[in-house]
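K.L.:
The primary structure of each chain is shown beneath.
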Amino acid sequence: MFAYDSVILARMLTSMTLVFHIIFATIGVGVPLLISAAEYIGIRKRDPHYVLLARRWTRGFVIIVAVGVVTGTAIGLQLFLLWPTFMQIAGHVISLPLFMETFAFFFEAIFLGAYIYTWDRFKGRYTHWYLSLPVIIGGGMSAVFITSVNAFMNTPQGFTLVGRTITSVEPLKAIWNPATPSKVFHVLTSSYMTCGAVLAAITAFFILKYGNNQYYKKALKVTMIVTLIFSIFTAIAGDTSAKFLATYQPEKLAAAEWHFETEKGADLILFGKLTEDNEVKGAIHLPKLLSFLSFGDFNSEVIGLDRVDADLIPPLWIHYMFDLMVTLGAYSIMISMLFVLFMFWKKRDQYNKWLLRAIVINAPFAILALEFGWIYAEVGRQPWIMRGYLRVAEGAVSSPYVHIAFAMFLILYVLLGTFVTVVLVRLYKKNPIQKEWEQRFPDTLFGGDQK
Amino acid sequence: MSYEILGLSALWFFLFAYLIIASIDFGAGFFAYYAKQTKKDHILNRLIARYLSPVWEITNVFFIFFYYGLAGFFPDAGYYYGSAMLIPGSIILVLIGIRGSFYAFENYGSRSSLVYTFLYGASGLLIPAAIATGLTISEGGFLREANGSVYLRYTELLTNPFSWAVVFLAIVSVLYISANFLTYYASKAGDEPAKKLLRSYALFWAAPQIIASLTAFIAISRQNPEHYNNMLDLWWMFGLSILFFLIAVYLIYKEKRFGLSFICVMLQFFFALLGYGIAHMPYILYDQIQVAADATLPAMGTALLLAFGGGLLMLIPSLILVMRMFLFDAEYVKGKK
Ligand code: HDD
Ligand code: HEM
Ligand code: HEM
Numbered sequence: 001m002f003a004y005d006s007v008i009l010a011r012m013l014t015s016m017t018l019v020f021h022i023i024f025a026t027i028g029v030g031v032p033l034l035i036s037a038a039e040y041i042g043i044r045k046r047d048p049h050y051v052l053l054a055r056r057w058t059r060g061f062v063i064i065v066a067v068g069v070v071t072g073t074a075i076g077l078q079l080f081l082l083w084p085t086f087m088q089i090a091g092h093v094i095s096l097p098l099f100m101e102t103f104a105f106f107f108e109a110i111f112l113g114a115y116i117y118t119w120d121r122f123k124g125r126y127t128h129w130y131l132s133l134p135v136i137i138g139g140g141m142s143a144v145f146i147t148s149v150n151a152f153m154n155t156p157q158g159f160t161l162v163g164r165t166i167t168s169v170e171p172l173k174a175i176w177n178p179a180t181p182s183k184v185f186h187v188l189t190s191s192y193m194t195c196g197a198v199l200a201a202i203t204a205f206f207i208l209k210y211g212n213n214q215y216y217k218k219a220l221k222v223t224m225i226v227t228l229i230f231s232i233f234t235a236i237a238g239d240t241s242a243k244f245l246a247t248y249q250p251e252k253l254a255a256a257e258w259h260f261e262t263e264k265g266a267d268l269i270l271f272g273k274l275t276e277d278n279e280v281k282g283a284i285h286l287p288k289l290l291s292f293l294s295f296g297d298f299n300s301e302v303i304g305l306d307r308v309d310a311d312l313i314p315p316l317w318i319h320y321m322f323d324l325m326v327t328l329g330a331y332s333i334m335i336s337m338l339f340v341l342f343m344f345w346k347k348r349d350q351y352n353k354w355l356l357r358a359i360v361i362n363a364p365f366a367i368l369a370l371e372f373g374w375i376y377a378e379v380g381r382q383p384w385i386m387r388g389y390l391r392v393a394e395g396a397v398s399s400p401y402v403h404i405a406f407a408m409f410l411i412l413y414v415l416l417g418t419f420v421t422v423v424l425v426r427l428y429k430k431n432p433i434q435k436e437w438e439q440r441f442p443d444t445l446f447g448g449d450q451k
Numbered sequence: 001m002s003y004e005i006l007g008l009s010a011l012w013f014f015l016f017a018y019l020i021i022a023s024i025d026f027g028a029g030f031f032a033y034y035a036k037q038t039k040k041d042h043i044l045n046r047l048i049a050r051y052l053s054p055v056w057e058i059t060n061v062f063f064i065f066f067y068y069g070l071a072g073f074f075p076d077a078g079y080y081y082g083s084a085m086l087i088p089g090s091i092i093l094v095l096i097g098i099r100g101s102f103y104a105f106e107n108y109g110s111r112s113s114l115v116y117t118f119l120y121g122a123s124g125l126l127i128p129a130a131i132a133t134g135l136t137i138s139e140g141g142f143l144r145e146a147n148g149s150v151y152l153r154y155t156e157l158l159t160n161p162f163s164w165a166v167v168f169l170a171i172v173s174v175l176y177i178s179a180n181f182l183t184y185y186a187s188k189a190g191d192e193p194a195k196k197l198l199r200s201y202a203l204f205w206a207a208p209q210i211i212a213s214l215t216a217f218i219a220i221s222r223q224n225p226e227h228y229n230n231m232l233d234l235w236w237m238f239g240l241s242i243l244f245f246l247i248a249v250y251l252i253y254k255e256k257r258f259g260l261s262f263i264c265v266m267l268q269f270f271f272a273l274l275g276y277g278i279a280h281m282p283y284i285l286y287d288q289i290q291v292a293a294d295a296t297l298p299a300m301g302t303a304l305l306l307a308f309g310g311g312l313l314m315l316i317p318s319l320i321l322v323m324r325m326f327l328f329d330a331e332y333v334k335g336k337k
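If you read the sequences in order, they're chains Z and W. Taking UniProt numbering, the leading residue of the first sequence gets 1, the next gets one more, and so forth. Taking UniProt numbering, the leading residue of the second sequence gets 1, the next gets one more, and so forth.
Check each hint, because a few of them may be wrong.
Below, computed lysine-lysine pairings styled on DSS-like, alpha-carbon distance capped at 27 Å [as the list claims (entries may be wrong)]: (1) Lys123/Z x Lys188/W; (2) Lys430/Z x Lys36/W; (3) Lys45/Z x Lys221/Z.
To give a feel for the contact side, a few chain W residues facing chain Z, derived at Cβ under 10 Å [what the hints assert, rightly or not]: (4) Gly69; (5) Ala104; (6) Thr159; (7) Pro193.
By construction, these hints were calculated from the structure, which means they are not laboratory data. Here the structure is a predicted model, which means the values were calculated and not measured. Each residue gets a CB set at the ideal place from its N, CA and C atoms; glycine is no exception.
Could you put together the complete structure from these sequences and hints?
P.N.:
Structure follows, in structure tokens:
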């Protein structure tokens, strides 16, 4: 009896931790890129305003990272606490990327410490900026390694399993499994995109609140360009991921697309509703587009759910997750494209109120897209924990105490969530930009105009 | 040497490193709280902000490294510990959560409240106590296998004098190591009041530390006679450990060479942990997990070792860089930067 309950609870606890961790982890991966870019432009153009921007971003970043570290430590240990059987078997294979991930963490943590505490300490103009590079690389590498673990769960390879025992392994083949390239590409690009969107939104929010000036304009320009570039790359990477699924994990794509019959020239189904007997209502059908998305050919054959064993079909509600992710991604491309277009097209004002509001909304949207994307990818793997080898129920801990652990972590995350918000707000309230500006640039008005 | 022995040595070494650097951090939490209670917090706060804040994340990675590494080289150990440690492990994680947020708070929030400092201090003692259960369990007799799964015998764990001896040892060692290091750091920073205060802490915790060590040593004889006898065969290692303990205390007492004194503290724990570890062989978890029999496959073991070597090549220069910036840069330590 409690074996069953502990499976459900273990899944709930894992999802809760990951959904929470991913927000902080994404910021941990992406924001260093923006900080580094701002500092670089500042040094390059000898414009201290950009450097100030980098400094102020860094302060908030450090707090977010602290939460990323503790939630990451939690999920790392929870993998063993909640999924011991899975880790016993898969541990023979995936411990290598996990182990390498710790070195990426070391690298990131060491240089982040060095970066934060050494502003103004060096003589060379670029010396401090160089310290940001290992932070970007460390964060990026940790994402690469952990994503390859997740990819392995989707397309396991590089080992022989006899009963419950692994009898041979090829570690590199396991890391470089078919899911790794598309997943890594998509995870990295979506991280950079999300961070661009978040920092742009903060800037847009301040412009709406306090009025515009040169400083905000610079900030918005950098962040929106990054958002645009990486929104486009995210879409390309998403397309790569879909092509990967069509070949290697067709049931996930079919479930997300409500694609019941295997057919040539398959339609792409957007939105809609599913009736009791699996009929699609009120959806938009884009003719032959699913075939194109899957194989780059409008007439190719896409495997439908009719080719999948009934008990191996993932939950069909992931359709909404997929659609929402794609819609929100399209929104981000559109908004950032408009902004960049208006930058060059002088007749239009890229700082008009409506566009700024749209940019503010883009931040929660991007984070939601990220969550929907992961939920789609993870739930779409059901019922497997390790596709083709081990089911979720077989991998879980059997303990009568999982609900206690769940309650403990729920409280912890609520507290941590409240806590970061309060600390961040307090941090920027205590040292508002106007005040810092006056200390650093006493000869100019806030924003850069001469007094 | 075989890959599993090399792997185990690497893990042992990181465990030792974690023991030292995490103790510094954990103990500082308690002292911060204690100092606040006795209205001496202005003396210690700066030290904590300047040394501990930049390095706490690095400390944390040592912990992750250890559990990923253990489960990597010995997946079955990961299975046994993972199944059994759900509650102790979750407690550790929640406490780490509290500590992590403290550093953010300390750095950027307004002045921290007494409640928060209390949580910071208490977590500093409870985390090592909870982690130490891992060592306790490794002596055997605390796990039960049933229905194809592994369970922790909570009653046995909570009523056994041995497990309390280990908890006591963990807490006292944390305070002792921390006080010794911080004394050295304060003296380097030329911070006389902090140095005086911390030196008194270091002396105060010396006697309990050695008593706790001996108690735990004797308690092993009842819990696991085989391990105890192996330890007796390695008596000279424990002798060396005591010798370094005496030198450290002497130096601190005479107020000279705090750096050397801290090195002696490290050597004290180095030999104690080494003797303990070698005597523990060939078991990782008594009766269930053995080093050679339960190691991961050779291909994986070799890959892990290669990754470890590559990682070290990258890690060591970076660590040296940071230490030079924060630990050995006299200007930074003195607060001039
Ligand atoms: C900002 C976030 C974001 C945005 C805008 C998009 N995605 Fe995404 N998507 C993710 C964030 C994400 C993710 C969180 O990064 C996932 C979860 C697992 C993964 O590999 O990436 C993901 C998974 C994921 C998968 C499943 C991959 C797998 O399970 O292996 C597919 C097929 C797509 N995405 C496709 C797209 C397409 C066609 C998009 C069109 C614009 C798109 N995504 C936008
Ligand atoms: C960080 C973004 C991630 C999010 C938001 C996320 C979300 C989820 C969700 C919602 C589930 C529950 C699925 C269900 O029970 O139906 C789940 C399960 C799981 N995920 Fe992920 N996941 C993420 C990344 C990863 C990665 C990178 C790994 C591998 C290292 C991973 C390992 C697992 C495991 C072991 C389970 C439990 C087994 C299962 O239910 O399939 N997850 N995750
Ligand atoms: C794809 C989803 C994930 C990404 C992109 C990611 C990335 C990161 C990053 C960049 C950090 C460093 C903290 C920061 O800078 O904010 C971090 C922390 C951490 N993550 Fe995740 N992570 C993901 C999912 C997971 C999963 C599934 C696990 C568990 C296996 C995990 C384990 C950890 C651990 C142990 C830490 C703490 C590291 C430290 O102390 O520095 N992460 N993660």
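K.L.:
Next step is simple, just say for each hint if it's right about the structure.
P.N.:
Hint by hint, here is what the structure shows:
1. Between Lys123/Z and Lys188/W, the direct Cα distance comes to roughly 25 Å. Compliance with the 27 Å bound is thereby established for this hinted pair.
2. Proposed proximity of Lys430/Z and Lys36/W is supported: the alpha carbons are some 24 Å apart, at most 27 Å.
3. Simply put, Lys45/Z and Lys221/Z have alpha-carbon atoms about 15 Å apart, close enough for the 27 Å limit, and the pair holds.
4. Satisfaction of the interface hint for Gly69/W is found here, the shortest Cβ-Cβ separation to chain Z being roughly 6 Å, below the 10 Å cut-off.
5. A least Cβ separation of about 4 Å between Ala104/W and chain Z falls short of the 10 Å threshold, and the interface hint therefore holds.
6. Of the supplied interface hints, the one on Thr159/W is violated, with its beta-carbon coming no nearer than about 18 Å to a beta-carbon of chain Z, more than 10 Å.
7. The beta carbon of Pro193/W is not positioned within 10 Å of any beta carbon in chain Z (closest approach about 24 Å), and the interface hint is therefore violated.
Violated hints for the displayed structure, listed by number in ascending order: 6, 7.
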